[in-house]
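Undergrad: Sequence:
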Amino acid sequence: MVTTLYLIRHGETEGSETKRYKGSIDVPLSENGQRQMEQVAKRLNRSYNSYKTYNGLNAVYTSPLSRALKSAEIIAEPHCLKPIVISDLRERNFGIWEGMSFTEIKEKYPQEFEAWAGNPLRYSPVDGESTVEVRERVISALNKIIDNHKGTVPITPPCLPLDKGRLSGVSEVVESGLSPALNIAITAHGGVNRIILCHVMGIPLENIFRIEQDFAAVNIIEFWEKYPVVKLLNGVAIG
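In the working numbering, the protein residues as written are 48 to 286.
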């Protein structure tokens with residue numbers, strides 16, 4: 048049975064135009080960020096898995112930070128789900144850099160910033176989490192989530208308004224001889240998502256910043272007996 052993961056970055060946050068390291072600071076979604084997530088929710092209602100069926104989301108997991116939690120609530124609501132908060136999905140702690148702009152960090156800590164940007168695996172933000180530390184907790188959380196759903200049979204959420212003309216239910220898939228698919232979502236952060244994507248694609252963490260994650264980005268990863276296949280990277284929801 049394939050498990051389809053919709054890995055989503057939270058929407059735009061208040062004050063995002065200043066380009067500051069938010070990290071573990073709890074910054075809320077902006078009004079535009081909420082609209083972005085509403086578009087993502089609409090998109091997920093039109094999504095298919097590799098069996099060309101869609102039964103709605105079966106579970107939604109989220110970082111505890113409010114920008115991710117609110118995003119998860121918007122995504123989960125049409126599917127009658129309550130987001131499950133996983134502390135290890137929180138954004139990286141940037142230490143004394145938190146709340147500072149890129150320019151401020153470059154001016155105050157030029158050598159440390161250049162070293163970290165050039166090799167984020169070897170160097171860490173001052174007094175912050177290392178890339179390896181973040182990877183350990185994030186991938187541990189990911190594995191637990193995937194393992195938790197392994198072998199489970201999905202059911203269609205009762206409140207999901209399926210369009211019978213283009214969406215099939217679980218029973219039709221089972222009768223066809225195919226295993227039913229499971230659809231789960233994780234709403235997290237740019238840094239967390241990049242680590243997960245590096246992990247599933249086998250990309251060295253030194254190259255983590257070669258992966259873009261825009262606000263409200265949607266990534267689709269299919270886990271075939273835990274063998275991951277990336278179907279979409281940094282997708283943008285269009286209404």
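Hints are computed from structural coordinates only; laboratory data are not their basis.
A couple of the hints might just be wrong.
[To be verified] Derived pair list, reagent style BS3-like, types lysine-lysine, alpha-carbon separation capped at 27 angstroms: (1) K66 x K191; (2) K66 x K129; (3) K153 x K66; (4) K155 x K117; (5) K155 x K191; (6) K155 x K66.
Undergrad: Is K155 within 27 angstroms of K117, Cα to Cα?
TA: Given pair K155, K117 is violated - Cα atoms ~34 angstroms apart, limit 27 angstroms.
Undergrad: Next pair to validate is K155 with K66; report whether the Cα-Cα distance is within 27 angstroms.
TA: holds (16 angstroms)
Undergrad: Taking 27 angstroms as the top limit, are the C-alpha atoms of K153 and K66 close enough?
TA: This hinted pair holds, its Cα atoms lying about 13 angstroms apart.
Undergrad: Keeping to a limit of 27 angstroms between CA atoms, is the pair of K66 and K129 held or broken?
TA: Violated, at about 31 angstroms.
Undergrad: Are K66 and K191 close enough, with their CA atoms no more than 27 angstroms apart?
TA: violated (33 angstroms)
Undergrad: If you draw a straight line from the CA of K155 to the CA of K191, is it 27 angstroms or shorter?
TA: Given pair K155, K191 is violated - Cα atoms ~40 angstroms apart, limit 27 angstroms.
In terms of the numbered hints stated before, the structure departs from hints 1, 2, 4, 5, listed from lowest to highest.
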